[in-house]
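Sequence order for the protein chains is A and B. Counting in the working numbering, the first sequence runs from 1 upward without gaps. Counting in the working numbering, the second sequence runs from 1 upward without gaps.
Think of the hints as simulated: they come from the structure by calculation, not from any bench. Computed from a prediction, not measured in an experiment: that's the story for all the values here. Any given hint could turn out to be false.
Said to hold, decoys possible - Which residues of chain B face chain A? A partial, calculated answer using Cβ under 10 Å:
| id | residue |
| --- | --- |
| 1 | A80 |
| 2 | R92 |
| 3 | D145 |
The beta carbon of each residue, even a glycine, is placed where N, CA and C say it ideally should be.
Protein chains: 2
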Amino acid sequence: MKITVLAGGIGAARFLAGLQRVVDPTSITAICNVSDDLTWHGLHVSPDIDSVLYTLAGEEGEHGWGVRGDTTVVLDELRALGGDAWFTIGDRDLATHLLRTARLLNGGTLTESTAALARARGVGVTVLPVTDDPHPTIIRTAEGDLSFQDYFVRRRAQGDVLGFDFPGADAARPAPGVLRAIGEADLVVIAPSNPFVSIGPLLLVPGVRQTLADAHARRVAVSPIVGGAAVKGPAADMLRSLGHEVSALAVASLYRGLVDLFVLDAVDEALLSEVRALGMDALAVDTMMTGDEGRERVARNVLAAAGFDADGLPA
Amino acid sequence: MKITVLAGGIGAARFLAGLQRVVDPTSITAICNVSDDLTWHGLHVSPDIDSVLYTLAGEEGEHGWGVRGDTTVVLDELRALGGDAWFTIGDRDLATHLLRTARLLNGGTLTESTAALARARGVGVTVLPVTDDPHPTIIRTAEGDLSFQDYFVRRRAQGDVLGFDFPGADAARPAPGVLRAIGEADLVVIAPSNPFVSIGPLLLVPGVRQTLADAHARRVAVSPIVGGAAVKGPAADMLRSLGHEVSALAVASLYRGLVDLFVLDAVDEALLSEVRALGMDALAVDTMMTGDEGRERVARNVLAAAGFDADGLPA
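When you get a sec, could you build the whole thing from the sequences and use the hints?
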């Protein structure tokens with residue numbers, strides 16, 4: 001069985017961590033959002049890729065980013081010297097960005113640097129950036145256009161989002177292996193990630209949406225909205241300010257035509273018939289990924305909902 | 001009194017640290033070599049500027065580079081991940097390179113980033129890069145051409161040096177303030193730095209040598225060679241492999257026409273008449289800069305030898 005997961009940051013990372021406890025990690029490919037990548041003091045930082053790598057390596061930080069127990073000697077010194085220190089990067093985390101940047105400057109691609117980092121951390125899952133090309137998210141707000149991290153970290157995702165702009169989308173080429181991983185998978189999972197700024201930009205990379213629409217795989221999305229709130233991040237606020245209802249149903253409607261099955265949390269069971277009315281199957285299961293056991297349970301629940309058992313056989 | 005010091009790394013840094021104990025730091029300008037600058041994992045590192053800044057701030061590392069008592073969390077992680085870790089950069093040191101790089105990427109110059117770092121560390125001496133342009137040293141060896149740090153750090157300055165190449169020299173423009181600092185000084189000191197790879201490239205920046213040759217200042221060089229050996233670094237090996245005698249006299253001969261006075265160490269007193277035969281004054285004083293007191297003593301000795309007292313009055 002081949003499983004491909006379309007992934008944002010921490011929600012996807014936790015789902016993937018559960019999945020690799022249930023199936024052979026080498027059967028899993030994660031296609032990661034890069035539209036919140038940033039250049040930090042000259043270094044290329046890929047927050048979603050790093051959340052996925054650190055989490056799969058069992059080293060994720062307490063808050064879902066960075067390396068667990070990391071120190072901040074560099075950042076403290078940067079702040080003491082009057083530098084911009086609003087984006088928190090720990091010391092061990094920094095080594096990741098240095099390695100990536102060095103590789104990119106030596107002519108390597110983001111795909112290659114990601115593979116090297118995965119190898120170095122003993123990650124068995126194939127982790128791919130959706131594209132090796134620049135493909136940033138611009139957040140349109142009443143105060144003007146902001147880069148994703150300026151909005152999300154510096155301004156703590158405050159203020160209404162009026163829309164999004166993806167100026168690199170048309171020119172972004174899918175990274176090597178991305179379309180194949182979608183086209184040849186037995187199961188594609190859209191992770192419980194933000195539909196606007198994590199999954200949205202993935203689908204905008206030319207070829208990705210169409211390949212998913214045409215895929216022979218069983219296609220499943222897991223709701224990032226549980227009980228009318230986002231488990232993590234600004235998805236709920238974005239839904240609200242963009243005029244959507246804050247619910248798993250609103251997310252499901254965004255994935256119409258792209259998934260066969262929408263998995264929502266048991267607390268949202270009442271929405272099942274409305275989701276089905278969108279033209280997709282729907283199932284309610286426990287989707288809360290608390291602890292290793294919770295992550296594993298969610299992975300098992302999603303696999304079962306999709307009709308597979310842990311050996312990849314149709315259940 | 002205005003004093004301008006042509007500076008390499010640690011020898012110059014220690015001399016400057018002594019000098020600022022004797023005269024008003026704001027009367028001192030250090031013009032720093034940048035030909036051993038390197039790009040390290042995407043970050044702009046200026047080892048000589050940093051040695052000068054850290055030393056003037058009283059924070060220099062035990063070996064003459066980096067920040068005293070610095071940790072190496074980032075470098076250890078980089079090594080653990082299989083990255084290139086032969087160039088030792090500590091955590092607090094790294095913050096310097098991040099700040100410099102961010103400023104350069106934002107359109108700032110090396111002059112501006114150096115001034116900002118000096119301010120942040122409370123350094124009163126004006127520290128200038130000799131040029132804001134790329135001006136690297138290439139070391140010609142039997143094994144081929146090497147970048148300076150590849151030769152000096154990675155290969156520990158092993159192997160005979162056949163010569164030097166400065167491919168950026170002709171296009172390098174003196175940084176703002178450099179020619180004026182030489183032209184308007186009352187005293188110019190060529191610090192006890194390597195004549196080939198520290199002072200040499202400074203003098204190759206168009207306008208610098210001529211401005212020094214024409215300067216109205218009293219011009220003094222301090223020998224980096226004491227008793228036939230370099231106090232620090234590869235100067236002695238370079239003199240030998242390039243066919244020079246390893247002596248203060250050989251260094252003096254390289255500065256003919258550029259200095260009025262050559263200061264050598266008391267142990268080399270026997271060379272005084274030969275140095276004078278090159279057409280410059282010569283004086284033997286204690287030049288060993290051990291501890292704060294040693295640095296201060298050398299600064300006083302050089303000032304006195306040049307004919308100034310600590311108030312800048314002709315003694």
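So, going through the hints one by one against the coordinates:
| no. | hint | in the structure |
| --- | --- | --- |
| 1 | A80 | holds, 8 Å |
| 2 | R92 | holds, 4 Å |
| 3 | D145 | violated, 19 Å |
Violated hints amount to a single one, hint 3; each of the other numbered hints is respected by the structure.
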